[in-house]
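Taking the hints into account, I'd like the entire structure generated from these sequences.
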Amino acid sequence: MKIYTYGVIDSNSGIEDSNKGIEGAHVYNIPYRDISIAVSDLDERSQKKASSGYILKHEEVAERLMESFTVLPMRFFTIFKDKEAILSMMSEYYDSFNENLNRLRGKLEFGLKVIWSGNTIKKRIAENNTGQGQNEFLSNGSQAKNYVMQKLKKYKLDQQFKEEGHKYISIVNRFFSGFAVEEKLNILKSEGLLLTASYLVEKAKQDDFKQAFERLKKSGPNDLKYLFSGPWPPYNFINLTKSEFKKA
Amino acid sequence: MSKKVKTDFPDAFIAEAEKRQEVLPERIDANPQNAEKGLAKLVLTLVELIRKLMEKQAMRRVEGGSLTDEEIEKVGETLMKLENKMKELKGVFELKDEDLNINLGPLGDLM
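Keeping their order, the protein sequence lines are chains A and B.
Using my numbering, the first residue of the first sequence is number 300, and each one after it goes up by one.
Using my numbering, the first residue of the second sequence is number 27, and each one after it goes up by one.
Accuracy of the hints is not assured; some may be wrong.
[What the hints assert, rightly or not] Calculated pairs, DSS-like style, for lysine-lysine (alpha carbon to alpha carbon, straight line, at most 30 Å):
hint: 1; chain 1: B; residue 1: K82; chain 2: A; residue 2: K483
hint: 2; chain 1: B; residue 1: K113; chain 2: A; residue 2: K422
hint: 3; chain 1: B; residue 1: K111; chain 2: A; residue 2: K444
hint: 4; chain 1: A; residue 1: K524; chain 2: B; residue 2: K32
hint: 5; chain 1: A; residue 1: K466; chain 2: A; residue 2: K452
hint: 6; chain 1: B; residue 1: K82; chain 2: A; residue 2: K466
hint: 7; chain 1: B; residue 1: K107; chain 2: A; residue 2: K455
hint: 8; chain 1: B; residue 1: K45; chain 2: A; residue 2: K421
hint: 9; chain 1: A; residue 1: K421; chain 2: A; residue 2: K382
hint: 10; chain 1: A; residue 1: K483; chain 2: B; residue 2: K32
hint: 11; chain 1: B; residue 1: K82; chain 2: A; residue 2: K450
Hints listed in this document are in silico derivations from the structure and should not be mistaken for laboratory results.
Note that the structure is a prediction, hence the values are computed from the model and not measured.
Structure below.
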């Protein structure tokens, strides 16, 4: 029997959770000092590949825990071979778990994805650039030099494209940053996906944060497409380091 | 849980997510039949990363105007040869440009 883990919580007393976890198993917690980790048993034989149903279940359990505790959600499908392995992991990361629990207490995560028409914007930049300083290399350049100039043109286009992206992002981000304690921005993961952002927000400010999104939709740039999600457990704001080895 | 996700453009976001899944396999696909290709993909991905970084650095210097004509000539020749060699190797192992990337999990994509 292996053990499936959902998240570390800031309490070591037994959790009462009548709802079931992955594969319908009972969710309980394994205490370590003053904290604990929520888990359920997983039959080794029934272990299949991670499925979307499992993801929803994992998230559901983490969210239920979030109602009563501060939760550091485990990454989806983190499985340990036995209780001993879990306790050893808990001891290794205890200090870091505590730091994170204190930092994330009373806070939630929201997500924002923004799609822009990167294609059109790239074309527009290219059109604006046409005719600017090209002749100097086409007429008298060697093959190698022309190659460099072509690459340079592409490089400049990419730079301008990124600058344009940053302009949009700073406008979008202005709507939210006043309400978030921390933010993580992932910019231009692909040509079309302008922004993937995670915001850490105090529970008390979550309504303000949601309203900020409504304002963005109304008065932000109208050529952007938004996907707003949350509140989630703070998946993207956990910074873990192993506890230092104690000297004998 | 669906009420936790708000968008007026679900199709656009689904398409974007699917595009990424197609490009990035979760793992390097290596088995006895294609071990050579799997390894080539990994090695060429790293070579391509280094080549792109070199190219970027060169462009920065060209743009900054710190290279003489002769140096630009040399840079161009080197970059051209590198790119051609990469094309040749990709051809040998039947790899496409989009094959040369790795999803580094929480760190994002390599390139």
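Against the structure, the hints:
For the proposed pair K82(B) and K483(A), the alpha carbon gap of about 26 Å is at most 30 Å, so the pair holds. For the suggested pair K113(B) and K422(A), the alpha carbons sit about 26 Å apart, so the restraint of at most 30 Å is met. For the suggested pair K111(B) and K444(A), the alpha carbons sit about 19 Å apart, so the restraint of at most 30 Å is met. About 11 Å separates the Cα atoms of K524(A) and K32(B), which keeps this hinted pair within 30 Å; it holds.
Note on K466(A) and K452(A): the hinted pairing holds, with a Cα-Cα distance of about 21 Å set against a maximum of 30 Å. Note on K82(B) and K466(A): the hinted pairing holds, with a Cα-Cα distance of about 22 Å set against a maximum of 30 Å. With a CA separation close to 22 Å, the supplied pair K107(B) and K455(A) stays within the 30 Å bound. The suggested pairing of K45(B) with K421(A) holds, with an alpha-carbon distance near 19 Å, which does not exceed 30 Å.
Annotation: proposed proximity of K421(A) to K382(A) is violated, straight-line Cα distance about 54 Å (limit 30 Å). Straight-line distance between C-alpha atoms of K483(A) and K32(B) comes to about 20 Å, which keeps the hinted pair within the 30 Å bound. For a cut-off of 30 Å, the pair hint linking K82(B) to K450(A) stands: about 9 Å separates their Cα positions.
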